[in-house]
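J.: If you want the building blocks of each chain, they are given just below.
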Amino acid sequence: MNIAVIGFPGSNEWDSYHAVKDALDQPIEIVPHTAADLSAFDVIIIPGGFSYGDYLRSGAIARLAPVMGAIKEAATQGKIVLGIGNGFQILTEAGLLPGVLQANESLKFKCHPASIEVVNNETAFTSQFAQGETINLPIAHETGNYYCDEKTLRELERGGRVIFRYRDNPNGSVAHIAGICNEEGNVLGMMPRPERAVYDWLGSTDGKRLFGSILDDWRVQHGRKATV
Amino acid sequence: MVKANVYVTTKKDVVDPQGKATEGALQQLGFAEVGKVRIGKLIEMELQTDDVEQAESRVREMCEKLLVNTVVEDYRIELTKEARS
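The listed protein sequences derive, respectively, from chains A and B.
Going left to right, the first sequence walks through residues 0 to 227 as numbering that gives the first Met the number 0 numbers them.
Going left to right, the second sequence walks through residues 0 to 84 as numbering that gives the first Met the number 0 numbers them.
Derived by calculation from the structure, the hints in this document are not laboratory data.
Cβ atoms here follow ideal geometry from the backbone N, Cα and C, with glycine treated the same way.
You may find that some hints are simply not true.
Claimed, not checked - No more than 30 angstroms apart at the CA atoms, straight line, and that leaves these computed lysine-lysine pairs for DSSO-like: (1) K109(A) - K10(B); (2) K80(B) - K109(A); (3) K80(B) - K64(B); (4) K35(B) - K107(A); (5) K20(A) - K40(B); (6) K107(A) - K80(B); (7) K64(B) - K78(A); (8) K107(A) - K2(B); (9) K11(B) - K150(A); (10) K40(B) - K107(A); (11) K35(B) - K150(A); (12) K150(A) - K80(B); (13) K109(A) - K11(B); (14) K150(A) - K64(B); (15) K10(B) - K64(B).
Stated by the list, open to error - If you want the footprint, here are the derived chain A segments under chain B, 3+ residues with CB under 8 angstroms: (16) 52-62; (17) 122-129.
So that you can see chain A by itself, here it is in the shape it has in the complex (with noise of 0.2 angstroms):
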């Protein structure tokens, strides 16, 4: 399974890069924004952090940049798109997830461990946690308040693509939302931080389970298309 981390100008991408090439062992790259083409790739990773310095708001300009246009084309052939942090309001900017991060109620950036309710189980994301598990992944964000409207929170919440959801609200997220996913369900967006929670020393490896569970799913597609 071939996994690529998008850098842009202010991303943290290496802590995605480190953090799951330890926990899948699978080959994986840094691609700039400035790449065209993502064809080589099953997975793509936008990592969290301050792209263009979070100007004008988070994740307007990334959605921008030239790799985004290969991007939505891996999105819609159905590769896997994960957008953590940062990546998670580039990919509302950019339209492929619905709604929109604000600033956090308390004006604050929260960093912290998180109580995260599992809502749904049945993703490509999250096979290996149990439905309604409580597990721990840290935040650390200002802009980490979803909004979306009514309207669309009914057909997040009807198409269980909402996936993951606080258990103390910390920013003041519409229905507690942590992370969502596309109706497709192959592009999440999450504010929490797996790739720190995938070691023992970081307090969690619940974050592991997460991208062991997209290789899971990938050795699945990969297995069916291998026998047919």
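Using the hints, position chain B against chain A.
T.: Same frame as chain A, now just chain B:
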């Protein structure tokens, strides 16, 4: 030259944490008459054109494509024609 001011504000039904915090701070300072406070931003642009009508449709396009996230933000455009300096 045309000078464009774009005022971007949070939509009325969307929570504006900055406005809310400022509202509380003003009331705490004794400005009891302060009701709702909303905070937005002002984007000033100089446009190399003298055609105000065309400038308006171009600025509107800029707002829709980049300057404003219309899911949570509203905008208002003000244009003034200025003599070239």
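J.: Go through the numbered hints given earlier and state which of them the structure violates, listing their numbers in rising order.
T.: Hints 2, 5, 6, 8, 12 and 17 contradicted; others consistent.
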